[in-house]
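Trainee: Now for the letters of each chain:
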Amino acid sequence: MSASIESVPAERPTHDVIVIGGGINGTGVARDCALRGLRVILFEKNDLAFGASGNNSGMIHGGPRYLTDHPEVTQESCRDSGYIQAIAPNLLFRIPFLFPIPADSARSKIVLAAVDAFFSYYDKFQPLKHGKPHTRLTPSEVRRLEPGLVGDIAGAVTFDEWGTDGHRLCVLNAIDAREHGASIHVHHEVEDVLRERSSDGKEGRVIGVVARDRLTGARVKALAKVVVNATGAWSPITASLARGAKTKVRPGKGIHVVYDRRVSNYAIASNAIDGRQIFVMPWGNISWIGTTDDDFYGDLDHLTATTDEVRYLVQGVARVLPSIREARVIGTTAGVRPTLFEYGPLEDKLSREHEIVDHASRDGVAGLYSMIGGKLASFRSFAEEMTDKVCLEFGGPRPCSTHKDPLPGGDALVHADSVAETYSVPEPSVRRLVYRHGTRVHAVLARATKDPNERAVVCACEPVLECEVRHACREEGARTLDDVSRRTRLGLGACGAMRCAHRGAQIVAEETGRAPREAHAMAARFLMDRYQNRAVGIAGAQVMQEELLASRFGIGAGLFAHTRRFSGGDER
Amino acid sequence: MSDGQADVIVIGAGVAGFSAALSARRAGASVEVISGHAGATSLSGGAWDVCSDLYASTDEIIRPLRTIAEEIETLVYEDPHHPYSRMGSPATALIQAAHDAVLTALAIYRPLDLTSRGVLVATDLGLLRRTATAQDAVLDLASAGTLDTSVSEHVPTPISTGVLSLRGDRNTDARFLSASWTELMSLAKKSRNFAPLYIDFFNRKDDALLHPHEIAAIGDSDEGSARIADLIASAVRTNKFTSVVMPPILGYKRDDVRARMESVVGLSLGEWVQPLAGPQGLRLSRRIDEVLREVGCVRSDTPVKSLDVRASGSIVHLENGTQKRAGAIVLCTGKHVGGGLTMRGGDLVESLSALPVYIDGHVQPLGSSADGRDPFHFFGNDPFAGGPGFRAGVGYDHTMRARDRRGDVAANDVFVAGALLEGVEPSRDGTGLGCCATTGFVAGRNAATQAGRG
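Chains as they are written, first to last, in the working numbering: chain A, 1 to 572; chain B, 1001 to 1454.
Honestly, the hints are just simulated from the structure, not real lab data. Note that beta-carbon positions come from the ideal geometry of N, C-alpha and C, so glycine has one too. There could be a bad hint or two in this list.
What the hints assert, rightly or not - With beta-carbon atoms standing in for the labels, derived distance ranges: (1) B:R1405 <-> A:N285: 41 to 47 angstroms; (2) A:T449 <-> B:A1277: 27 to 33 angstroms; (3) A:E421 <-> B:K1189: 51 to 57 angstroms; (4) A:T449 <-> B:T1104: 39 to 45 angstroms; (5) A:N285 <-> B:G1088: 22 to 28 angstroms; (6) B:D1256 <-> A:N265: 39 to 45 angstroms.
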């Protein structure tokens, strides 16, 4: 094995910190370490935001659920939400929530008053995250604002949260880390954690890792004093690579169902049949309903929603918004929360808090840390906490600046209409580009100025321009069509990637120097993934779309016949 | 029959409906064709499948091992539920007879020869496929520029085909297509080169937003086709191409565009196949309309509300409240795309009548996720391979009469044909339009007999 490893002088560390995992914790800590002057290398087995970071509800919330027992957690969440807004103003959008109270019992009025009081308390923290204070609505006001709601309603409370795109948040953290000297390796699976070996054969401190490029098979060795295991639900597996290190999480699977349009004006909270709180949420030009929370024991790399989970959500939301049953499902998301381990309590009652495990004291593996738990909304402070610890290994505290240094493109607000005019590209595309890239939109569109062909709209649903696809490959580390889709939302719209899969794959193949047959295989696999993602939720006339899909790509265009022979291996 | 009542009513004007109407008409029946919205025929590409080797590898696609007739024999042997197996007399004879009539009438396809290995066409994804026959406007890569289809490994000089792309077209890029086809040919050990060729067709600001059929329509005018031909002629001048393969831009409202352009360019020109919302499906639909008129079918576009299947004489109820009766009725409404089958309350049903839906020889209720049954059961795990829900259809006997729930003939006067049939999945099983044409032809002929003609 050592023969194929990139030769690196064995004795001298190549880096200061090795981060394993490209989720929000991994990229967050990589950025923080890089900003504080440490030499960072990050390995991600799949792609940035592949797991829970990219498959959550995309909310930077203030944590109202902690308000009654741990108001200090809510305060910290709200403050951090404010920081994230400051560093990535392009990436956050307001989500007004509607909390309807059904008039189904004599207690409804009391419930409404209690909820009202609760959110009055939450209002105290809202200024920290520039949120609007809550309001209390009469039944007729509720009907006017959200005509689709059914049933007797005693009233409702509105409150304010922030939404984001989890994929972009990870990608921007990773890009910023890279611009501060870090090297980011996606599709690199860490196979071994290297440790010092004393003359008596005992293993000591960690000194590095060996990673394998899953697309090419090439191995990379990196040596550093500190290894941070930020692999979320995978963290017990990663820690075990260091022989003797252990972490415990209680993986909780959560899914969302994605609809082709905004089915409501507000995000609406509702109760599922078992009393759990679920919601329907407009997000960009689509809607999500979510989420489930179930203990998960399966294969973390191949996660899909199941029919039962979809039904559970649809039934729950249909109690307040029956029209959801008629809406068109275009996909599902599935992720596994890396919840702190606790035996006994129901999934919902588990803490969303985080914890840093120093394996030196616990397992005698010095230099290895594991980041356990956490949530998207508080990733920045978790990363700060972790980096503070790392800095102690390098001679003492260094000041953190992640709460004030903007993420790439977050330094100013950009007006989409003027950009659209300057580059003469369609405004709907530019709005999305500005959302994803902030002030860096000019770097993307400069490509289209150089080559007008790159103005072509590759994905018509979202709509994604060719220049952004190429930019994602060149500047954002995308190596497959899937990666591009996470960075640009290509193929995630209503047509199920029918219109963009093959052109997108051709561009990615071109940018990454692959043969045409690999482009076909990549397109086929992407279409297949999108199909399997969507199939658990579709019904009715949607069967027509599936027949069209088959005639378009299967027999009709020969994609299936050729790719069966082309494809093979684990490559995505 | 009297009172303007037709002998045969055909519901649906895709390839199945067309060929049913044609054969009923040829048998001497008066025919009324009722058609609604566009279906799978108008979304088809320039290729016409009859039976394909679904398991062919890349070199077998380019150099097929067996004739179409041999493929049909294999299918009949392997799949007892496919119409080719159910229609009785030797399938090949029926298929050949139906196609001789249908393709000759349409006049825009190459004739079918079951003893041949079909034509090799390029597709807009950059792949190659084998098909029984193709529109005249589509380039046959096996014959254009005399590609050697024998098994010899050496062709002395590589044949070069120009791949034409409209600069700025968002869907296709000649550079990728030519690289892909060259690679496929070399995988099959054929020395044939493809080279990209761009024309600046979009010279006005909004041209790039034109839909494929709008671009094709430009070729329908003398001036438009002359412009395209000139652009191609000047683009190929410096290259030694033997043929040019291009997007479907050879017009779709008239059929002489290719010949006119070839006379200007001096090379063999041809389109690649583009299924789904391309001009080739529209070209086929237009010819169907024209021929139905020529052979004297009555056309109606009042939508059908329901079909009342009765032993005493079935009745077609129209949306406008009127009723129609005929000596025989042929249902050719397609499967999912045409709307022949539809999901209602989580179950799959025939959309006009109460005819039961069969799957693999049995009446079988099938649900969707709406009622908690796992959709993978319905759709299958692989969107390209298909599942039971895509093979489902109206049951029928060898005369193409619809079956009822017990498996008996539902009514003597109700026939089914095309994609609506149980056991056929034209978009997946490789029998494509050919199966629709054949079953339509048999159903139409038997319907005419039922109506007392032929």
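Trainee: It remains to establish, for every hint, whether it holds in the given structure.
Mentor: Consistency of the hints with the structure:
1. B:R1405 <-> A:N285: 41 to 47 angstroms: holds, 45 angstroms
2. A:T449 <-> B:A1277: 27 to 33 angstroms: holds, 32 angstroms
3. A:E421 <-> B:K1189: 51 to 57 angstroms: holds, 53 angstroms
4. A:T449 <-> B:T1104: 39 to 45 angstroms: violated, 55 angstroms
5. A:N285 <-> B:G1088: 22 to 28 angstroms: Check failed, 53 angstroms falls outside 22 to 28 angstroms.
6. B:D1256 <-> A:N265: 39 to 45 angstroms: violated, 56 angstroms
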